[in-house]
Amino acid sequence: MRQILAFVVFAIGTSVWAANMPPWVGDVQRAFRDELRRSVDSLSIPSLKRPYYIEYTLRYRWTTRAKASFGGLLDSARAESARLTVGIRVGSPERDNTNFFDAALLFFGGDDREENYRNRLVPYQLDYRVVRRNLWLATDAAFKAAVEQYAKKEAALKNRVQQDTTPDFVLLPPVTLADTTDPIPEVNLQHVAEQIQRVSAIARHYPAIQNATVTFEHLPELVIYANSEGRTFVKLYRQAGIEIIATAQSPDGMPLAQTYAAYSRTLDELPAWDSLERAMHHVAQRLSTQVAAVPMSEAYSGPVLFCRQAAAELFAQVFAPNLVAQRTWLTERGVQEQERYTALQNKIGARVTAEFLSVESTPTLAFIGKTAAAGAYHIDDEGVEPTPLTLVRGGYLENLLSSRVPTRRVRSSNGRMRGGGAMYDVLQVRCNDRRRAVGERELIARMIEILDRRGLQYGYIVSEVLDQNLLYTAVYSQTNGTFPVGSEDQIPALEVERLWRNGKRERVRGVFIAPGGYRVFRDVIAVGKSTYVHNLLAPSVISPYRTGGAQYVIATVASPDILVEDVELRPVEGGYPTPPLIASPLQEQVERKQK
Amino acid sequence: MNVRAIVVGVLCCSVVVTASSRGDSVATDDVVLDALRTELGRWYSALASAKPSAYFIGYWVYDQQSLVLTASDGALIRSEALRRRTLDVSVRVGSYQFDNTHILRGSSSIQFGSAKNSTELPFDGDAVALRQAVWMATDNAYKTAAERYEKLLTNRAVKVREEDSSADFTPYPPQRSYQSPIALTCDTASWAERLRRWSALLTAASHVLSGQITLSAVVSRKYLVTSEGTELVTTEPQWRLTVAAYAKADDGMTLPLYRTYMSRSSGGLPTPDSIERDISGVVQLLGELVRAPVLESYAGPALLSGRAAGVFFHEIFGHRAEGHRIKDPNSSQTLKPFVGKQLLPTFLDVVFDPMIERYAGVELSGSYRFDDEGVPAQRVVSVASGIFKNFLMCRSPIEGFPQSNGHGRKQEGYSPVARQSNLLVIARHTVPFDSLKELLRAECQRQGKPFGLYFDEIAGGFTFTSRTIPNAFTVQPLVVYKVFADGSPDELIRGVDFIGTPLATFANIVVASDRVGVFNGICGAESGSVPVSACSPDLLVSKIEVQKKAKSQSKPPLLPAPSYTTDGQVP
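As you go down the protein sequences, you meet chains E and H in turn.
For the first sequence, the working numbering assigns the number 1 to the initial residue and increments by one for each residue that follows.
For the second sequence, the working numbering assigns the number 1 to the initial residue and increments by one for each residue that follows.
Calculated from the structure, these hints are not laboratory results.
Misleading hints may appear alongside valid ones.
[To be verified] Restricting the straight-line Cα-Cα distance to at most 27 Å, the calculated cross-link-like pairs of lysine-lysine (DSS-like) are:
1. H:Lys437 - H:Lys336
2. H:Lys389 - H:Lys482
3. H:Lys159 - H:Lys336
4. H:Lys482 - H:Lys548
5. H:Lys449 - H:Lys549
6. E:Lys49 - H:Lys543
7. H:Lys555 - H:Lys449
8. E:Lys152 - H:Lys551
9. E:Lys152 - H:Lys159
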């Protein structure tokens, strides 16, 4: 194993990025190199395994955020922070300390170590000395945790016959990468704060709204990475976003929400402020209409047309997470832990969607049509350049998205490690059969045909589905925890119309989609001609509680409208809080004007 | 119930405040006050006739400007200037005698003042934006209160008669006071430079593994507006500087040390030279602690420094003097039978005084003008000549103590209960500190002990006041010395916590010195974290018990710290 430890001297290509980079980047890289060398040469405990692989990641983030409500500022701040993560593998690539569930070691404080090595907060005023010192303490803690975890794993496997001989890791040759051609952008916080105040003030014209917020975030992050293989990179991870959330209650008390979210990699790709004003009006109008809509009273099973955001978000929530290759972890008892989103792990070669659909992963594609794909990137978090992949071809699953952790089906990385685990990136749902791709009018006509054929009085059109990130980070708290979340297999729909056989449409509220897993995409019978590009903060597929990584990762799903033959929709049940006892100040103002 | 006092190190810096604006004035164009008044009026008239009806509404607004700077290893790790404004709402339904805050007996739910989510309020905008948030929060608060009230009506009917049938709330005459705002201004660059320099001093020593220095400057503007007519607007600047560092002994024991400084103005802060001396002292003491022997279990005489004695009193006495617990059927109610009776030695008084801002030359952090229920701060003599006289009272009365004495306190997001303020242990007879040490040696000889203990520095402590678990306390020392009966030089030791039960320990206090120590900290309990102070003379206690401190099993770092010159170059 000693030859694996051979240290590869860094060859840093400064010419690509040096002009735009902070001056301390060189210090960080030098500190990485020196502490890596020292740790590889000297870090050991007699009779215990030595590290065969060490990696360092430093994330330097410039945070700018602002939040406003009804024209008043709730938050406005700017901060810089730096976090260091150390990864250590002991044993050998065939069997090391990873892919093992040890609850005590997963959480800082779960054991008795004093020093953190995952997302360790370090001074943001970086120099060689600061980085070296923090690397020293974090590497020490990571190594001790790794050897203990390795011993536990070995003990757990000692008296068991292991069927799965998939190695724990695959080594790669050294490479030096950089993706930092953009300068680190500046944000005028005062201007942003003024603009979101102005946009949020629009909600004052809609008295049905109980609560409304507009949030801006700009989170560029410079990532500096090095490992003991000699693989290094520097990349500028970019993320900006604007979220509009408005909530209300219907006269019968049902909590209602409407949202708008725009995420991008750069500030330039965010919508202009006047377009955000229109978005705020749109959200407010939809919410006001929804308040007066009829509640869904009975469960429904039949054809459903998912339009625009709803089609893409349905794919993002129901299908996309299953496209990530997952390694099943062992536990101390040798029992394999069941992970979520594992429905497609053993389905390579099987039909997973309608035969006229394909799914492509195009992580380096910066634009789809004229829309920027926020999930695009050039280097993943393990220093691997992602390659475009066809994941589903003509309905049949061909591949899964992977990191450097091998799985039974996917042995090597295709460069999808982001936010702590393998993650989906820019996914495009495409139609291979022209006859199945039709305009919206034709989709509705086909739906009515099905209704006629099956003797159903009406079907449903869903055009907006609640994003999971917005649900859990904003809507739920904004409604004081009263917003109906539903069970794990239910998705709250925000914009739903009942389509009668005579073509009449009627807005409906209080609808959950119960898609019943990825198989809903096998029942797609037609799609729209145009494609909706949906950027979202998607929940990490592999739980951050295991990886120590991010809870949400930016991604893009591009999908046409989809007509599904059979989907179950359920009404919101279980009761909700009574409406407020007195009129809101906004309503009072309107009443006063009317008088 | 677990109550903990934590030393939060503080060094005050220069909030350049317009000190003249701190006096009371008249609120003319305060948009927050206007919004609160308007919503209070609308809601009170609506809820007075609702079923169940509300008889009290209170709004607390916390408007904070803050600056936090933290340095470690000679560089800034955090620098954040924040502005935030939040709202807490209290709606009481029923009557003063019986309302929705009554204890739900037989329930495992938290009884008093459980945490609530505060509502974010705009800090920059007109009254409409504010009122919309206040409106929504009041509606939620009323619904929560009404729901709990209904449960309580049934609970009262099915449970036995209560031991203490006092009312749930007492009326209080409306109070009005208005202080003008203060702007938080600070020379951030110069403070950042100092913090960087000081933090580098900590980790320059090879035995110090990690160290941080944090400056926290906060101006809290608090509003309290109630349906009883109270309107209070206060402005409280507070500057804290914390020095924290730790080392690790070869046996894995983590050895932290802290220095804290607090002030309301820059003038009250120690000079940079003095802070640097303290930092040098911390570094040197950590080096000694790493080499110090571990003490095994011990019972015998001990000397508590004034600061240690202050925390000791805060834990074993103060939390048991918080009156609201007497109503709690799960509370041990230790002091209830001692009202009017001898509890402590006759030479001791215990006073809680939120009205004083300085004691023994040190600024106090438990000071305020009005408590969080709108009652003016009052000096409470809790123990006089050893006789227990008074509980600390909020507006929840108990048998024999029908009125608040201005100690209803809370943190943002919580409901007020009786809490401590500035605790003063006052000795009527004292001896010089050196004599106290001699008395300790004499006590050791009398008891046949080769040594006694001197508790010099403490991190904090905690105590349990519930009936379901032993009523014990723990004081967590940082610096402890053996004082030998034969007069040998004192020896630094490590690895012990001071434990005991309250009544047995009260009886063992022998004598106090003429030297007073002041401990400024943050106390956490049912109503959240509130700033407190504990002041006491050094005390000789004839018998205390220590137990081994919990310790890490983790080895010190396997490799030595990286070596480099001061400019970061590898030699």
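These are the hints, each one checked on the structure:
At roughly 35 Å between alpha-carbon atoms, Lys437 (chain H) and Lys336 (chain H) are farther apart than 27 Å, so this suggested pair is violated. Restraint check for Lys389 (chain H) and Lys482 (chain H): the C-alpha separation of about 36 Å exceeds 27 Å, so the hint is violated. At most 27 Å may separate the alpha-carbon atoms for a hinted pair to count; Lys159 (chain H) and Lys336 (chain H) meet this at roughly 23 Å. Note on Lys482 (chain H) and Lys548 (chain H): the hinted pairing holds, with a Cα-Cα distance of about 15 Å set against a maximum of 27 Å.
Restraint check: the Cα-Cα separation between Lys449 (chain H) and Lys549 (chain H) comes to about 22 Å, which is no more than 27 Å; the hinted pair holds. For the given pair, Lys49 (chain E) sits about 51 Å from Lys543 (chain H) by alpha-carbon distance, which is inconsistent with the 27 Å threshold. For the hint linking Lys555 (chain H) to Lys449 (chain H), the alpha-carbon distance of about 34 Å lies beyond 27 Å, and the restraint is violated. Distance hint between Lys152 (chain E) and Lys551 (chain H) is fulfilled; the C-alpha atoms sit about 23 Å from each other, no more than 27 Å.
Restraint check: the Cα-Cα separation between Lys152 (chain E) and Lys159 (chain H) comes to about 52 Å, which exceeds 27 Å; the hinted pair is violated.
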